[in-house]
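Colleague: Residues per chain, in single letters:
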Amino acid sequence: MGSLDGLFMDSAQLKDVLIKADAPSSLLLDKHADYIAAYGSKKDDYEYTLSEYLRMSGIYWGLTVMDLMGQLHRMSRQEIVDFIKACQHECGGVSASIGHDPHLLYTLSAVQILCLYDSMEAIDVDKVVEYVKGLQQEDGSFAGDKWGEIDTRFSFCAVATLALLGKMDSINVDKAVEFVLSCMNFDGGFGCRPGSESHAGQIYCCTGFLSLTGQLHQLNADLLGWWLCERQLPSGGLNGRPEKLPDVCYSWWVLASLKIIGRIHWIDKAKLRRFILACQDEETGGFADRPGDMVDPFHTLFGIAGLSLLGDKQIKAVNPVLCMPEDILQRVGLQPDLLS
Amino acid sequence: MKESCVFIIIVNQPTHVSTSVCFYRKELMQCGVLNPEKDLYLGKLSLTKFPKSPETWIHRYVLSSQFVTLCDQLARIIYEEMKVCCDAACRYPSNYNAWSHRIWVLRHMAKGNIKVFHDELSSMRPWVSMHVSDHSGFHYRQFLLKELITELSQSPTNGDLSGAEAVSEKQQLIFSTVLQLFYREAELCSDLIQSFPGHETLWSHRRHVFYLWHQWKQHHCSSTDGDDTGDPAGPTGGSQEQSVNSQRHAGVPMEVDRGFLADPHDNKRLRRGALPSCPLTLETEHVFISSILDSCCNSEQRSFALAYRKWLDLVIGVQS
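Protein chains in written order, with the working numbering: chain A, 1 to 340; chain B, 341 to 660.
Hints should not be assumed to be uniformly reliable.
Stated by the list, open to error - Label-pair distances were calculated between CB atoms; the ranges are: (1) B:431 with A:294: 16 to 24 Å; (2) A:178 with B:527: 32 to 40 Å; (3) A:50 with B:513: 56 to 64 Å; (4) A:90 with B:527: 54 to 62 Å; (5) A:146 with B:390: 30 to 38 Å; (6) B:467 with A:333: 51 to 59 Å; (7) B:367 with A:48: 39 to 47 Å; (8) B:448 with A:282: 45 to 53 Å.
What the hints assert, rightly or not - A short list of chain B residues far from chain A (calculated; beta carbon distances all over 12 Å): (9) 388; (10) 439; (11) 472; (12) 505.
Quick caveat, the hints were computed from the structure, so don't treat them as lab data.
All C-beta atoms in this analysis are idealised placements derived from N, C-alpha and C, irrespective of residue type, glycine included.
Using the sequences provided together with the hints, build the complete structure.
Modeller: Okay, structure coming up:
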């Protein structure tokens, strides 16, 4: 981190980046499609191997961004569907890769991928529902897996998975809502557990959760909107908490949250767009967390998805709750609530 | 065999049999076969009939000592966890997971332990002073403060048999302890804001502290209808009650700030005249903001000060 392309300001002053004059300023869609299409073709690539523990999510990021760019046909559908089949365990949960343990995170990613491909029959849906249901705790929270880590991210994963399968009623929704609301802080934001610090990523998960469960009215939209738009820095980029550096993935977590609560106009869109575009790598394609850093599929998805939310016409419309193309969700018949 | 032991303990003939039985049960407890709590209960029953019984008291002493050991163990675990979290926090700025875990440990292992929360608040003072950008570190202070004032405010005075005077004394002590906590926190915050201009974390901390104080005052000074809400989670869900343009608090700063004086049930406090002034009033906050704006040339500091003023106006809902 800290290449000259994204100079950091004096840390005694504001934590932010300076966008160089020659930073990319137009959208390089073709380069990004080529980057994702080629990603993972060299299976013995070091970084690719190291990220095996999250492979299912990596595939979801790659496929979603390709579909948003109208390039899904370039990906290996059958190979991926077979891979997912091989990753569903007896308990119903899905793991990140073959031989890894099942987890809610990768169960959601798998369901999202199968939704994109309209191939839900590839896995045992009833078992998935059973797995998700089994992870709900007495206080309404959800564990990520059998080891029991509790986090509001998992509340989101649970309801998102079930919403895509049309099986939300298999859990105790009221209790789940009660738990998430217990994680609301005075600033309108949410943390990972009751009493935890507000964090943009957790806020996205909780607002998404409340949207899917029809409980957005429980939010203080003005207060939360204010906290969220205070994430915007002079560079135009967004951070996740006060005094953190901007990161393109927060262009998603923050922006999507603002969209859900009907306050997206509170952000300076032009400045944010400029920041996101500056995070592109003109040579390799793809987006990095901030200008000049190494690109990866995760930031590529959220950069493109962020631009879509900002209204870029070259990109398909993205759903702010599920981070999936809107037309896919229309096919499934899922239209989560948004505040106006 | 275990059931016949129970009979012997309750009957408690002071014979070598009952002594041997207690010894036998202690052995079983050491092996983890028996739970000491049951014997404590049996002992309690036995003492209703034989209140002096030395065997019963000795047995009780041995059982209770085990809990002291457990307490020591718990204290050690808490200390260890605090240390691990602190080390991790030092290695990575604003380490969300480390601080989140630290909060979880205290919430679950030190619930209601005022001393632990107080000690943590003290020991964190120099740390945050050297890490003024660490939002998680300051959030931890907000958590400690909230737990402390919640715990203090829940100190039972209902059904206290020592009389109205003593209850009032107790309440006064609680009020002044809470006031002192807020005074010190406000002072720390002001010092750091002035010493380290342009740090959003410090201004964010100020908002939190002000809000905590504001909520606490509302809850403990204006509830004169005898309704014991006993709701420590009030501030947690408080944001739901505060809409940005809420009229609930509009134009009533003095009433809220005179909360202590407004309590009609406790004239003795008035007469004593020992009422402390409030550490954080809207007036003092606006004065503080003005002083910062007048004296600083750091543009970030200015914009944070202005944002704080806007927050006070809109969220606390009072005209400046």
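Colleague: Hint by hint, note whether the structure agrees.
Modeller: Hints, one by one, checked against the model:
1. Range check, residue 431 of chain B to residue 294 of chain A: about 22 Å between beta-carbon atoms, so the 16 to 24 Å window is met.
2. At roughly 38 Å, the beta-carbon separation of residue 178 of chain A and residue 527 of chain B lies within the given 32 to 40 Å, and the hint holds.
3. For residue 50 of chain A and residue 513 of chain B, the hinted distance range of 56 to 64 Å is satisfied, since their beta carbons lie about 58 Å from each other.
4. Range check, residue 90 of chain A to residue 527 of chain B: Cβ separation about 60 Å, and the 54 to 62 Å hint holds.
5. Restraint check, residue 146 of chain A to residue 390 of chain B: a C-beta distance of roughly 50 Å breaks the suggested window 30 to 38 Å.
6. Checked against the given bound of 51 to 59 Å, the beta carbons of residue 467 of chain B and residue 333 of chain A, roughly 52 Å apart, stay inside it.
7. At about 59 Å, the beta-carbon gap between residue 367 of chain B and residue 48 of chain A misses the expected band of 39 to 47 Å.
8. In this structure, residue 448 of chain B and residue 282 of chain A meet the distance hint of 45 to 53 Å, their C-beta atoms being roughly 50 Å apart.
9. Interface exclusion of residue 388 of chain B from chain A stands, the closest Cβ pair being 36 Å apart, more than 12 Å.
10. A beta-carbon of chain A comes within 12 Å of the beta-carbon of residue 439 of chain B; the shortest separation is about 7 Å.
11. With a cut of 12 Å on Cβ distances, residue 472 of chain B falls inside the contact zone with chain A, its closest approach being about 9 Å.
12. With a cut of 12 Å on Cβ distances, residue 505 of chain B stays outside the contact zone with chain A, its closest approach being about 36 Å.
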